[in-house]
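Modelling step: build the complete structure from the supplied sequences, incorporating the hints.
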Amino acid sequence: MDIATIPLREWAEATVLWCTSHGGPLFALVTGSIDRLDAFLRAALRVPPPALVVLAAALWALWRRGIPAAVAVALGLLLIWNLALWKEAIDTVSLVLIAAGLSLAIGIPVGILMAESATARSLITPILDYMQTTPAFVYLIPSVLFFGIGTVPGVLATMMFALPPPIRATMLGIANVPPPLIEAGNAFGATPLQLIVRVKLPLALPYVSVGVNQCIMMSLSMVVIASLVGARGLGTKVVESLTQADLAKGIEAGLAVVATAITLDLLSRPRSSAGRGSYT
Amino acid sequence: MSPPPAIELKDVWKVFGRRAAEALSAVRSEQIGKDEVLRRYDCVVAVADVSVAIAQGEIFCIMGLSGSGKSTLLRHVNRLVEPTAGEIRIHGEDIGRKSAGALRELRARKIGMVFQHVALFPHRRIWENVAFGLEVRGVPRPRRREVAQETLELVHLSGWGDRYPAELSGGMQQRVGLARALAADPDVLLMDEPFSALDPLIRRQLQDQFLQLASMMKKTTLFITHDLDEAIRLGHRIAVMKDGRFIQTGTAEEIVLTPADSYVAEFVRGVSRLKIVRAHSLMRPLDATEAITLDATARAVDGDADLERMIRIVAESPGPLLVVDADNRPIGVVSETALLRAIHE
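Chains A and B, in that order, give the protein sequences.
Letter 73 of the first sequence, counting from 1, is numbered 73 in this note's numbering, and no numbers are missing.
Letter 207 of the second sequence, counting from 1, is numbered 207 in this note's numbering, and no numbers are missing.
Among the hints, erroneous ones may be present.
The following residues of chain A were derived to be distant from chain B, with all beta-carbon distances above 10 Å [as the list claims (entries may be wrong)]:
(1) V30
(2) T31
(3) R46
(4) R198
(5) L205
(6) V210
(7) K249
(8) I251
(9) P270
Stretch by stretch, here's where chain A covers chain B in the computed footprint (C-beta under 8 Å, at least three residues) [as the list claims (entries may be wrong)]:
(10) 104-110
(11) 132-143
For the record, the hints were derived by calculation from the structure and aren't laboratory data.
Quick caveat: nothing in here was measured; it's all calculated off a predicted structure.
Note that CB positions come from ideal geometry on N, CA and C, so glycine has one too.
Given below as C-alpha cells:
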C-alpha cells in the first residue's frame, strides 16, 4: 500500500528558489551592513592593547561582582593572550556582539508584544518551543542557502539561535509587574505606551538583564559552531584542529573559548546586589 | 439653579461574569439573591443599584467589610471599572461617554487616587512618583520638580524627594501616595482604604493630616474604609455598604442613633457616642417657665455641642442644660435623664 508523501521537500525547494531569485537586493544589503559593522567592531576592539583590555575588564568585574569574578576574568584573558589567540578571540567577540545585539533588538520588542497580547502569545509560543528544540546546526542551513559562506550567515544563524531567551525573559518580566502598580499608572492617566516605557519595562529590568546574559552566552556557543560555515574566530581554530586531528591545537582553542565564555558571562551578568529594593 | 454635584452615581450596577447582562436583568426582574445569581449565571453582583450625589468639598465615606463591593464601586468613578448599568457624572459630565484620550485627561487632571497598598513605583525617586501624573501629560521637567516639592511640603516630606520609596517607612510612603494624588490639584480624591495597613498611631496622625488638607484644599473625597471609627472621624456623610448595596446613608449621628437595620445596629454598637451625639438630637422643646429658670443659671450650649462637652458641664454643676441657637435664643432643653440615657444606649 502506497501512501503519498507530503511534498515537503518540493515546497521547501520552491520557497528557497523564490527567495533567492526575488530577495537578492535585500540579501546583499544585509550582507553588506553586517560585514561593515563586523569590520568596524573588530578594528575598534583591536585598538586598545591587550594589557589595557585585561585591566579594564577586571575592574568592571570587580565593580559589578567582586574580587573572585575580577580574578577569573583577568586569568581567562591573560590565558587567551598567552596562547596567542587574542586576535581570534576578538573576532569571536565581535560576532557575538553583533548577533546578540540583533537578537535583543528583535527579542525585547517581541517579548513586550507577547506580554501585552494574548493572541501574539498563543501564536509565538509554539514557534519559540520549536526553535529551542531545533538542533543548533539546523540554523546554519537556511543561512547558508540565502547568504552563502562566511561571516554573515554565521551571524544570522547565531541571531536566530539566541532569540528565544530575551523574548521569554522580557515577557516574564512584564507579566510579573505587580497589578497594583499598573492600576496606579492607569489611574494617573498614562497611555498604554507610557505604561510600558515608564512602568512595566523598568520594573521588568531584572528579568530582561537575565535574558541579555543568556542571549550573549547562547550567541557565543553558536558563533563557535558557525565557524563550520566560515565565520571567523576561535571556532576556526576548533574546526582546523578537528580536520587536522591536532589535539593540542584543539585543547588550546577550547580553553580560549571557555575563557571567553567566562569573561562574557561575568561582564554581562546583572549586578549581584540588587540596589533599590523591590515592590512590597 | 444650583451647580451639579461633584460626583453623581445613578443606578449603578456592576456584575462580574460572562453572562453579566442576563444576570442583571434577572436580578432586576425577579429580585433573586446573590447566591442564586452565582448558581444560575455564574456571575457575581459586586455593586447593586447604587445612587448617590456627593457635593463639592464633601468627604463621603463608604464603610463596608471586605467583599461588600466598596473598592469596585470606587473604581467606577475614574472608570478603572466599567459599570454594567447606570451612569456616573463628575461635575455633571457623563464620564461613560468619554473617549480613551478624554478619560486619560480626566484621570490626570481631575481625579487623584490613593491606594490601600500605596503602589508607589519602586524604581522612581519620591519626587518622580509624586509628579507621575504631570509627567504623563507632558508637563516639562523643571515645572514637575517644582510642583513635586510644593506638594511634598504639604505632607511634611520636603527633603525626601530624592530618595526611593523603599527608604521610607509605611506611613511616609502613604503620605507620598497622598502627595501623588494631590500633585495635579484634582477636584476629586478617591481614597481606597489608604490608612488601613498602618499602625493605629500612624493612622491617627494621617487621618488628622488628611482632614486638615481636605478642609484647606476643599477636595471632594470618596473615602473607602472598613473601619467605622475612621468613617465617623472623617466623613461628613457615611454610607454603609453590604452585598453591593448602600443599606444606609447619612451623617455619623443619624447612623449611630437610628441604624436602618440589625446589620448597621450591630456595627454601631461598639462605637463611642461621646463625639457623635449632639445636643439638638437630645433636647426637647422647653416651656415658658423653664426658660426663665434655666436662663438664670446660664448653662447654655449650642445645638452642635457633643455629648462629651455636655457631660463635662453637668459633672461640674448638676442640672438640665439649655440649648440655644446662633442668636443665643433658647430653643430646647437637655435633661440629665436624657443625657444619661444617651450614654447608656
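Going down the list of hints, with the structure as the test:
With a cut of 10 Å on Cβ distances, A/V30 stays outside the contact zone with chain B, its closest approach being about 37 Å. A/T31, annotated as away from the interface, keeps every beta carbon of chain B farther than 10 Å; the closest lies near 41 Å. Chain B leaves A/R46 outside its interface by the beta-carbon criterion, the shortest separation being 38 Å against a cut-off of 10 Å. With a cut of 10 Å on Cβ distances, A/R198 falls inside the contact zone with chain B, its closest approach being about 7 Å.
For A/L205, the shortest C-beta to C-beta distance to chain B comes to about 8 Å, within the 10 Å cut-off, and the non-interface label is violated. With a least CB separation of 17 Å from chain B, A/V210 remains clear of the 10 Å interface cut-off, as annotated. With 10 Å as the threshold on Cβ separation, the claim that A/K249 sits away from chain B holds: the shortest Cβ distance comes to roughly 49 Å. With 10 Å as the threshold on Cβ separation, the claim that A/I251 sits away from chain B holds: the shortest Cβ distance comes to roughly 46 Å.
With a least CB separation of 14 Å from chain B, A/P270 remains clear of the 10 Å interface cut-off, as annotated. As drawn, the segment 104-110 of chain B meets chain A at 6 residues by the rule of a beta-carbon pair under 8 Å; at three or more, the given contact holds. Beta-carbon proximity to chain A at under 8 Å applies to 5 residues in the segment 132-143 of chain B; the threshold of 3 is reached and the given coverage holds.
Checked against the numbered hints above, the structure breaks hints 4, 5 and satisfies the rest.
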